[in-house]
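Student: This is what each chain is made of:
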Amino acid sequence: MKSQKRNKSLLIGWDAADWNIINPMIEKGLMPTLSKLINSGSHGKIATLNPPLSPILWTSIATGKRAYDHGICGFTEVSADQKSVQAVRGTSRKAAAFWDIFDQHNIKTNVIGWWPSHPAEPINGTMVSNFYGMCNTPFGENWPMLQGTVYPENLESFMAELRLHPGELTPAMLQPFFPHSENLLSDNDEVLRSVMKVLAHACSIHNAATWLLENTEWDCTAVYYDAIDHFSHLAMKYHPPQLTGVSNEDFKNYHYIIEAAYRFHDMMLDRLLQLAGPDVNVILVSDHGFESGTNRMLSLPKQPAAPALEHSPYGVLVCSGPDFKANDKIYGSSLLDICPTLLHLYAIPKGEDMEGQVLMEAFRTNKAIVTIETHEQNKQTSAPKLKVGFDKAALKQLVEIGYLDDSVLGEKATAKTLLENDFYLAQSYLDGGKLNASIQLMEKVAVHQNAEVRHVLFLCKLYLAKADWDNFLRTLQKLEESDSSSVEIDFLKAQYHFATQNFHKALELFEKIGKSSRSSALYYLVGKTYLKLGVYESAEYYFNSSLSLNKDNAQNWTELAKLLIRKEKVEDALGLLLDSLEYIFKNPETHKLIGLCLMELKHNKDAANAFEVSLRQDQQQPEVIALLNELYKKKMGKPDLVRSIQKVEPKVIVSGLPRSGTSLIMQLLDAGGLPVYTDEKRKADTNNPNGYFEFESLTNPNSYFEVFKNNSVDAFKITYPLIQELPKQFSYQVIVIERNLQSVIFSQNKMKGSDVRALDFNLATGLNQIRAACDSWLHEQSNVKFLKLNYEDLLENPTQEINKICVFLEKELNQEKMLKCVDYNLNRSQH
Amino acid sequence: MAKDVKTTPIQFEITKEGSLGILALGAVAVSAWREFKRKNEEPKKK
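Protein chains in written order, with our numbering: chain A, 1 to 831; chain B, 832 to 877.
Since the hints were made in silico from the structure, they are not lab data. Just so you know, even glycine gets a beta-carbon here, dropped at the ideal spot from N, CA and C. Take every hint as true, because none was put in to throw you off.
Between beta-carbon pairs, the in silico distance windows are: (1) B:Glu866 <-> A:Asn20: 36 to 44 Å; (2) B:Lys870 <-> A:Pro240: 40 to 48 Å; (3) B:Glu866 <-> A:Ser40: 34 to 42 Å.
Incomplete in silico selection of chain B near chain A, CB under 7 Å: (4) Glu848; (5) Gly849; (6) Ser850; (7) Leu851; (8) Leu854; (9) Ala855; (10) Leu856; (11) Gly857; (12) Ala858; (13) Val861.
From just these sequences and the hints, can you work out the full model?
Tutor: Dropping the structure here:
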């Protein structure tokens, strides 16, 4: 498929680049190239994803999807034969990256250094994998390049020569990093050696990128530099201002490293832009920021991926070029938006299965966004076979840069890797709003023999988030019996007391914790507790304290603003809220409060704009709609703009395998007074004497959206596996009825006119797989609440089970009439 | 070479020591620097 002629694009990744470092440097004139790029384009903060681990994040940037959809879940993975641990491979990605999609549209792409991209994939263009610059060989000796590093293979030997060995670096090249430490340059200083390694790697990538820009035909070039991240982990602790605990000598020797690193990146950027040419759309992005203030850490705990604790939630985004607006700001972007935005530059539709959005506000012209269901069916993968030695070298690399501990090379490595990746996947589920899926996974992780306290701690936090108090308290008890820190346990207990309205107990524990530690999260919760207790001065103090430690916490800003509004200091509140937009723009509550302040100050048009922004960010705010309507109707004389408030009830769905008892549940609901959706086309028969309660078109998923849109309160029967086709636009309460599989099969056979009682193994396996897939699907949906009932229990204890249905649905149904539907003998005979 | 791409002449002084500026210019500059070092070392070897 050919696309129309479009401008070229250059996508540049600077791992861990942070505005808190860049902005002061730009002000001092130390990053002139980036400064020019910003002024000629749009820029802003970009939100990272959890967990903030680079191979996961750069794959999310490339695919527009989260870890649970793209399949890259950590730094390492278990080999196909399950016998060893290997560095995560690009070919383990199960979602299409932008280069795959560009292939389908005949767009030539160069991809250099992407993480992960080893082994290099056979794309329409050139790919140089992320292990290109990896060097474990002494200078002067043969430096082999790992098999599969470059595609096409005929470029391999040439590209190998473009790599820069750390031993080639001269004192003159290193001097900007150590300007007042000439003695170091002849010493075997450990920090110096690390700087040399990181710098050489960056130069190798840069050499490959510049050569490809100049010597190949390309439509898109994407180059990833990991150097700022490595420099930051190495030397941010030495960056000014000097931290307590850093010696004067170390500060004197190392405090220029970060500045030199960023300046060098600016110089490399200049060259990239020069080679790319003037009519190229440039997107420069980082996957996360890096703590550079008072939250810097001098030492890290001993756990896998500990360096990620130094990452901060917002990276940098700059979009500049002929298709982008100049001198403008981009608000509320996420890593998931980069792929859709890049596709939009080439008029390629966004996949509806991509969570990210096209960043329309960055574009000069507002062309309609086209979507297609998915790009996935066209993804092709081929994994070239590699020599065994590859992974040991790669793992050693990751251990040396601190992202892995050396247990990956040990005996229990495979089990630990699987466990750790499940832990990261659970964090991804939580970040994507799939709390139940996260819990389901962590429940398996927490009982594993290799489980650690931090895994159980995370599970406990999940139960807290779900308000599952039984499991929370049970898990908390396990933590108390282990050697986890009392501060963490007290923090969990305090949050539990807060959630269960025991505010004084919560405060007691928060104050105890506050004696030995300080954190933005702690101060915020103390502020909330005082707010609940009506102690407003203390609440204000703690919200301000929390904000001083972390200005990115949107809730602090809104809580402080509410306190000011309460004191009738509306203008002060408005000023505070407008300041907060610099840090967080995507917060519907902030815009709602701005609207309220402006209404109070009689700036009605601006108030209406603020409410509209709030609604664009979250449509489910009936109170904001009401305020907006009041403005339009009564204060602005624009009754035509008034919109209706629709309270959206969740749809009630009855599901399970066919012949599990779904008709019985529908009969119960009908008897209880809940209207059920049926066309009665399939009449009652010996298999279902009381009726099927179905609607013909419900076996056709394409009809669901219209049926749900036009019927607000009925219950619908949708059996497995069609439950997975429920439209995402609605929320659901699903009652799942389960029955012994043998009984299900016999009942299905009987319905077909067969009296076979013997268990068909293949059929049983197939039905079991359907059931497992649908169960899994239910756990993963953030818009679904479900209740599982057992058919046999329903017959044995109908009163109890019927009560469960009513509690789940939060409806007062006629339980007496429902009970009469459960005819033990009739229903038993359906076996 | 890519079509319609002009290679901008690089103006810098190459010394054996090199500089961060050479590294920032990428493949062409690093190759030129390596060639310069090789040529300057050969007479000494002789």
